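Novice: Chain B: place on chain A using the hints.
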Amino acid sequence: MAEWSQMPEDLLRLIARRLGTQFDVLRFRSVCSSWRSSVAPSPGPSRRGRSLILPNDGISDAALGFHLSKSTIFLLGVARSRDQDAPAGWLLKVKEDVRRRMNLLNPLSRSPIAPLPEDFPRVLDLMDLRLLELGHEYVLQYMSYPPCGNDGHLYLEKVVFLCSDDGNDFALLTIHVSGKLAMLKSGQKRWSVIRDMPSPYDDVILFKGEFYAVDGTGRTVLVGLDLGVTLVAESNFGGDKKFLVESVGELLLVDMYLSLDVETDHDGVVTELAENFDYITRERTVRFKVYKLDREEKVWNEVKDLGDRVLFLGDDCTFSASAADLRACKGNCIFFSDNWELEGPLKGPGIGVYDMDSGKIGPLEDYAGYSELFWPPPDWIASTTSEVQNQLEALAV
Amino acid sequence: MSSPPSASASSSPPPCPKKMITLRSSDGATFEIEETAALQSKTLENMIHENCASTLIPVPNITGEVLARVVEFCSKHAEAGVDDESLGAWDEEFVAVDHTTLFDYIRAANFLEIPTLLDLGCQTVADMIKGKTPDEIKKTFKITTACTPEEEEEVRGENQWAFE
Chain A
1 MAEWSQMPED LLRLIARRLG TQFDVLRFRS VCSSWRSSVA PSPGPSRRGR
51 SLILPNDGIS DAALGFHLSK STIFLLGVAR SRDQDAPAGW LLKVKEDVRR
101 RMNLLNPLSR SPIAPLPEDF PRVLDLMDLR LLELGHEYVL QYMSYPPCGN
151 DGHLYLEKVV FLCSDDGNDF ALLTIHVSGK LAMLKSGQKR WSVIRDMPSP
201 YDDVILFKGE FYAVDGTGRT VLVGLDLGVT LVAESNFGGD KKFLVESVGE
251 LLLVDMYLSL DVETDHDGVV TELAENFDYI TRERTVRFKV YKLDREEKVW
301 NEVKDLGDRV LFLGDDCTFS ASAADLRACK GNCIFFSDNW ELEGPLKGPG
351 IGVYDMDSGK IGPLEDYAGY SELFWPPPDW IASTTSEVQN QLEALAV
Chain B
398 MSSPPSASAS SSPPPCPKKM ITLRSSDGAT FEIEETAALQ SKTLENMIHE
448 NCASTLIPVP NITGEVLARV VEFCSKHAEA GVDDESLGAW DEEFVAVDHT
498 TLFDYIRAAN FLEIPTLLDL GCQTVADMIK GKTPDEIKKT FKITTACTPE
548 EEEEVRGENQ WAFE
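Going line by line, the protein sequences match chains A and B. Residues in the first sequence are numbered from 1 upward in steps of one, following this note's numbering. Residues in the second sequence are numbered from 398 upward in steps of one, following this note's numbering.
The hints are simulated quantities; they were obtained by calculation from the structure and are not laboratory data. As the structure is a prediction and not an experimental result, all values here were calculated from the model. No false leads were mixed into what you were given.
When the alpha-carbon atoms are kept at most 35 Å apart in a straight line, the in silico DSBU-like pairs for lysine-lysine are as follows: (1) K304/A <-> K292/A; (2) K330/A <-> K536/B; (3) K535/B <-> K330/A; (4) K330/A <-> K527/B.
Pulled out of the complex, with its shape left as it was, chain A reads as follows:
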């Protein structure tokens, strides 16, 4: 009989190393004593990445520095049960604050979901919920003097973060307002701007422990910690904004096509607002194309069908999931932060959905059941916590 609790520590460690996410390591350590003691806890949020204060010299002026904050995107679901038809999962982005309280954010933008609704649980028990960690997001906030907490303005460009295994060294890569790449390594007092820029960069990503960046033409490079830049794929031109996303261990390029549009009502008549204000002429997303990397030939090859995969393009991070896990939508579609829609179910810009099968594109509200993924929280969230509250009440003397 296999006694997994008796498995030697070094083998348990080999298994834990392959889990891939901090949360799965936490779960591994929650199983039994021997599993718990075989693996050290992942560096907590109170270490690197949360209360990190960084210089802003080299990329911006007039501030004391940056505060780096990290948030994590999770897909929550109920534990599988043979009897019931599993309900849709819940996609959320959480950030732990100084008092170890979780803050909720719109998964695709920076907007906090605050205040929380009255009936939202004070404490959420995760023991019987399935959690998939889908990605991390890093945001730089300007620090001013005197300190004003969350009121600091956000540095608007995307940032990616790499940390060494022991948590002692790190590196950050961002896109400078000039379109060039800029890097900061632990111990440095100044960001280094990388000169290489045939075209302004659109996106950066941490993929398999290395930094990659793509410019507006689709030209993609590997960015070394020595600031060296290596070509990974030639330009493919095409659309207006490029994103890099990881899906099932592969690096994908998503090309967003925009068209200048004037806001009209359902009958196509230019709205009164649009007549009076120039800014209503905005860029509207019309379609996407997805590409897979051919490392040998250094080209991006178009992919028409993502199968079960769903891609999410947020303002500060990209991630992917399987439709089978999400249980709310079909595969082969892309969710994106849609600046065209000024209001969505959550605070902040709306969420748009592009269906790769049909080419249909529209706001989240147009797709029955899809908004269940985001807000309001599902029923089964309330029920897990009320049990805890009942137990707490029962214990109270």
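Specialist: Quick look at chain B alone, frame taken from chain A:
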């Protein structure tokens, strides 16, 4: 043969017969394996080099049932001309087994020092753990031991989120 190589005739010596090694499991069953396949195991490699004369190697820690499968794995991985995709598919089939067998594979791969099998086994287990709740993990692997009360307290705290 010192004739210059010609386009049609091969000038290499005739191929030598493949050297076979016999492995004997803990329960006395014997299995034949090509030396090239056996070299996938660092343990066997060392034993082969030490006992140059004998071709029978006892493997006391592993039962016949498991050893047979390990031999199958090593032979497949030593085969020439198998592309990555087919090998990957074969590997997937190989580890589509119950958790008890997986346990045995990992123990065997560790004892025999077969990095490819150890990697495959551990990754498969990790994939079975990903996304599951602690209770689901316990059920999957039939783990009945628990944590100490102090650990339970810590576990409870780690597995919850406090909101504003």
